[in-house]
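Each protein sequence line maps, in turn, to chains C and Y. Residue numbers 0 to 286, in numbering that gives the first Met the number 0, belong to the letters of the first sequence in order. Residue numbers 0 to 134, in numbering that gives the first Met the number 0, belong to the letters of the second sequence in order.
In case anyone wonders, no lab produced these hints; they're calculated from the structure. This one's a predicted model, so the numbers in the text were calculated from it and none came from an experiment. There could be a bad hint or two in this list.
Straight-line C-alpha distance at most 27 Å; calculated BS3-like pairs for lysine-lysine [claimed, not checked]: (1) C:Lys-272 <-> C:Lys-15; (2) C:Lys-282 <-> C:Lys-139; (3) C:Lys-237 <-> C:Lys-282; (4) C:Lys-15 <-> Y:Lys-118; (5) Y:Lys-108 <-> C:Lys-234; (6) Y:Lys-118 <-> C:Lys-272; (7) Y:Lys-102 <-> C:Lys-204; (8) Y:Lys-108 <-> C:Lys-204; (9) C:Lys-96 <-> Y:Lys-102; (10) Y:Lys-118 <-> C:Lys-238.
One side of the interface only, derived from the structure: several residues of chain Y facing chain C at Cβ under 8 Å [what the hints assert, rightly or not]: (11) Ile-20; (12) Gly-74; (13) Glu-93; (14) Glu-107; (15) Ile-112; (16) Arg-130.
We put the CB at the ideal spot given by N, CA and C, even for glycine.
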Amino acid sequence: MKIPYYPGCTLNTVAKGFDTSARQSAVLLGFELMELDQWNCCGATFPLTPDNVMGLTAPTKVLVNARKEGDSVTTLCSVCYNVLKRTNKVVRDDKDKRSVVNSFIEEEYDGSLNVIHYLEVLRDKIGFEKIKTAVKRPLKGIRAGAYYGCMLLRPFEDMGIDNAEAPTIFENLLRALGCEPVEFPNKIECCGAHLAMGNEDIVTKLSGNVLSSAKNKGAEIIVTSCPLCQYNLEKSQKKLAEGSGNTQMPILYFTQLLGLALGQDEGSLGLEKNLFDVRQLLKERGI
Amino acid sequence: MLIKLGKENLQSEFVKLIERISGEELANCYQCGNCTGGCPVSYAMDFGPREVIRLLQLGQEDAVKSANSPWLCVGCLQCYCRCPKGVSAAKILEALRQITLRKGEDHEKIKEIPFPFLKNAPQQAIVCGFRKFVS
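Please put together the full structure from these sequences, using the hints given.
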């Protein structure tokens, strides 16, 4: 099975490990991510004001290129997923906006693409049961907090990947990998996102709340599907721990954990780019 | 806070502009406060989302314009998801940002953004930050 794949700007640069671990895990699970021949940044934010049609042009260009390669496209970054899926819905359902966007980018796109997240591929096309049987290195007893953040889930009527207030897709994947998923109150709260530009104190507070919420419930690691969440959580954790000597939790992309469990070569997972390396913990547990 | 109510602010052009840009009808909000309750940044805002909507319902343009609230909204959409009336405070706050940005006024000066941030932050943070803060 081959699935057209949109990496997005961040996975092509600072979050390279998210990309490589996902591609290799796919191969181990019997499918292939086919990177789109042509793609551009999705704009990293879905325009909140309905009169901003310009903000739909960049993601529509991505969708047009993806449609030429198949009837669905998958992506990993929560923000790309949010922007592409919501834009696709607008282009499909709003004739006037569709016509403006199409004439601007000189294409004819009708919104007929199916935008799916990599997690949905794992759940709906592969199945967590099958993943469980493919695990070569069960991450037994690792207490992992699944951090969803905002963009994967909200708004529910557009995203629909899971329940917006009590999602379980991440936890089910973690269970298949042998981990013990940890429920924590802040798993769907914001990390501070783009406030990292100019309002670092707020990011430190919001990400700090997520970290302490997970830690208080016993999490040893946190997994995420958003490079900005990963950056904010790592950076805030480092800042908050300065001088305190607190132990620090590895913050990983879910595909890095998936790769480890499937027995991928550790060197290709980008783990060394994470501020806190999970391999130390695995070694301590004899995994 | 002492506010003056009159035809000139209750039916002001500014309030109409907010409704047009955001696509939201301010009168739909009945002030239950679920938005502010769910908002992760309301603690740092001059006025939380509920108060911003109330001030706009009352046409208090100056109070809203000088507040830091629009610039602190992260667009996480908790307010909208928890609103029993389906009002999106996030869209209203975005409209307030857009009114400034569409005049060509930047909230963040690109030249003043620290280099380590531009070098190390995920591209999506920079792109999104520019979309939210720069005209």
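Results of checking the hints against the structure:
1. Among the hinted pairs, Lys-272 (chain C) with Lys-15 (chain C) is consistent with the structure: their alpha-carbon atoms are about 9 Å apart, no more than 27 Å.
2. Distance hint between Lys-282 (chain C) and Lys-139 (chain C) is fulfilled; the C-alpha atoms sit about 12 Å from each other, no more than 27 Å.
3. For the proposed pair Lys-237 (chain C) and Lys-282 (chain C), the alpha carbon gap of about 22 Å is at most 27 Å, so the pair holds.
4. Taking the CA atoms of Lys-15 (chain C) and Lys-118 (chain Y), the gap is near 15 Å; set against the 27 Å cutoff, the hint holds.
5. For the proposed pair Lys-108 (chain Y) and Lys-234 (chain C), the alpha carbon gap of about 23 Å is at most 27 Å, so the pair holds.
6. Note on Lys-118 (chain Y) and Lys-272 (chain C): the hinted pairing holds, with a Cα-Cα distance of about 15 Å set against a maximum of 27 Å.
7. About 32 Å separates the Cα atoms of Lys-102 (chain Y) and Lys-204 (chain C), which puts this hinted pair outside 27 Å; it is violated.
8. For the hint pairing Lys-108 (chain Y) with Lys-204 (chain C), the CA-to-CA distance comes to about 24 Å; that is within 27 Å, so the pair holds.
9. Taking the CA atoms of Lys-96 (chain C) and Lys-102 (chain Y), the gap is about 24 Å. The hint holds against a cut of 27 Å.
10. Restraint check: the Cα-Cα separation between Lys-118 (chain Y) and Lys-238 (chain C) comes to about 18 Å, which is no more than 27 Å; the hinted pair holds.
11. Among the interface hints, the one on Ile-20 (chain Y) holds; its C-beta lies about 5 Å from the nearest C-beta in chain C, closer than the 8 Å criterion.
12. About 6 Å separates the beta-carbon of Gly-74 (chain Y) from the nearest beta-carbon of chain C, less than 8 Å, and the hint is met.
13. The interface hint given for Glu-93 (chain Y) is met, as the beta carbon of that residue sits about 4 Å from the closest beta carbon of chain C, less than 8 Å.
14. Evaluation of the Glu-107 (chain Y) hint against chain C yields a held restraint, the C-beta minimum of about 5 Å falling below 8 Å.
15. Nearest Cβ of chain C to the Cβ of Ile-112 (chain Y): about 6 Å, under the 8 Å cut. The hint holds.
16. At about 5 Å, the closest approach between the beta carbon of Arg-130 (chain Y) and any beta carbon in chain C falls short of 8 Å, and the interface hint on this residue holds.
Taken one by one, the earlier hints fail for this structure only at number 7.
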